[in-house]
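Participant: Given these sequences and hints, build the entire structure.
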Amino acid sequence: MTNRFFWIVASILLAIIVHVSVVLFAARVKMPARFDILGKAGSGGFQVFTPDMLQRFDRRPLKHMIYGGCLVAPGKGRVELKAPIEPGYWSVTLYSAGGDVLYTLNDLHAGVKAMTIVFQLKDDDSADAIQAPRLRNGKLLVPLDVERALAVTQAYVAHPGERRRKLESLSRTTCTAYPTPLMAPKLN
Amino acid sequence: MAGGGVNSLVKFVLFAFFGVSAGYLSALYMADGARLAGAAHAGAWVIWPDSGSSAASPYSRLHYLLKEQLPPSHFDRLEFEASRDDAGRSLVSSCLYRLEGPMPKMRWWALSAYPANTADGDAAVKVGEISSHDVIYEPDGHLRISLASRAQPGNWLPMPAQGNVVLVLRLFNAGPAARDQLHNAPLRIIREACL
Chain B
1 MTNRFFWIVA
11 SILLAIIVHV
21 SVVLFAARVK
31 MPARFDILGK
41 AGSGGFQVFT
51 PDMLQRFDRR
61 PLKHMIYGGC
71 LVAPGKGRVE
81 LKAPIEPGYW
91 SVTLYSAGGD
101 VLYTLNDLHA
111 GVKAMTIVFQ
121 LKDDDSADAI
131 QAPRLRNGKL
141 LVPLDVERAL
151 AVTQAYVAHP
161 GERRRKLESL
171 SRTTCTAYPT
181 PLMAPKLN
Chain W
1 MAGGGVNSLV
11 KFVLFAFFGV
21 SAGYLSALYM
31 ADGARLAGAA
41 HAGAWVIWPD
51 SGSSAASPYS
61 RLHYLLKEQL
71 PPSHFDRLEF
81 EASRDDAGRS
91 LVSSCLYRLE
101 GPMPKMRWWA
111 LSAYPANTAD
121 GDAAVKVGEI
131 SSHDVIYEPD
141 GHLRISLASR
151 AQPGNWLPMP
161 AQGNVVLVLR
171 LFNAGPAARD
181 QLHNAPLRII
191 REACL
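Protein sequences appear in the order of chains B and W.
Counting in my numbering, the first sequence runs from 1 upward without gaps.
Counting in my numbering, the second sequence runs from 1 upward without gaps.
This list has only true hints and no planted wrong ones.
Where chain W lies over chain B, by a calculated footprint (3+ residues, C-beta under 8 Å): (1) 53-62; (2) 85-97.
Below are the DSS-like pairs computed for lysine-lysine, each with C-alpha atoms no more than 27 Å apart in a straight line: (3) Lys67/W x Lys40/B; (4) Lys126/W x Lys63/B; (5) Lys30/B x Lys63/B; (6) Lys113/B x Lys105/W.
Covered stretches of chain W, as calculated for chain B (at least 3 residues, CB under 8 Å): (7) 8-15; (8) 58-64; (9) 102-112; (10) 170-178.
What the hints contain is simulated information worked out from the structure, not anything from laboratory work.
Keep in mind the model is a prediction, meaning the values are calculated, not measured.
C-beta: ideal position from N, C-alpha, C; glycine also.
Facilitator: Okay, here's the thing in structure tokens:
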């Protein structure tokens, strides 16, 4: 009886461990492939998604939406995303390696025809550190507390006639990395 | 002695099989839209209300990643999903459905019909889609859409030609009223006929 009780309890414990592992670590299995797709261009390097790329990014995309993105690695220095915003729906969403949404902005909230977003690492030691997104000199500064993230932009093509224009506009989006210079060692 | 060893081995195999299966399947069940996991149900529709926010349930993230989707941002859009009609039957491409109801207030919406199997390599090609830019509303402000694999008069959402279907309704920049009424089905899903 004691022996049977042991196996039942052990099975339940194993089930709990597997359950929690699936919930917590699924993103560690599912997200790296997406980072690899954009990572080939390094930090920065905006790419408009081809149908094949999109298929690997999202199996349920909107048919009339066009997508693009870049790898953002604020751990290596700030990244500037410059995007022209055509009339109609447009958004940028930042995803962490764990599959969490870190930041989202759409055209309605941007309210401008072109947007520059600067993604930078939160630097708590700096007197100039910002803790929340804010506008400075016409640029939106977004502090992040992750080393790497994916910036995915979307633009809706309401009618086939505007597809070409929207694609051209999306392809003019740039993602530029500004690596942090290495600190020179202090001489005593 | 040997019999005892075999007995222990059988118990270990059963233990491992039960533990791994129960753990994995229970995670899939929760991520499929269980209320206990944080999903809200509105008629045949399921929504993860806090998806993409810091308050999001970990099952909401798992739900989207298992479907090979990037989780939507709650800030930007509300995403309803339905794989069954209002009577609880699976949505299949061989049937004709009527979707109707008053859509909540939002900036714009898009309704897509995907093959249920996201492992299908051509899933993105087979999607049917209709949006607020394409439809005509009834005089009373309600929306009426035919969901079928063959062309229908009026508002028509094409379905994939074969297999089970999943509907995804995305509401962009939904107002506070829509967010307060997540438990009201945005559209009823009524099966009208099957081949």
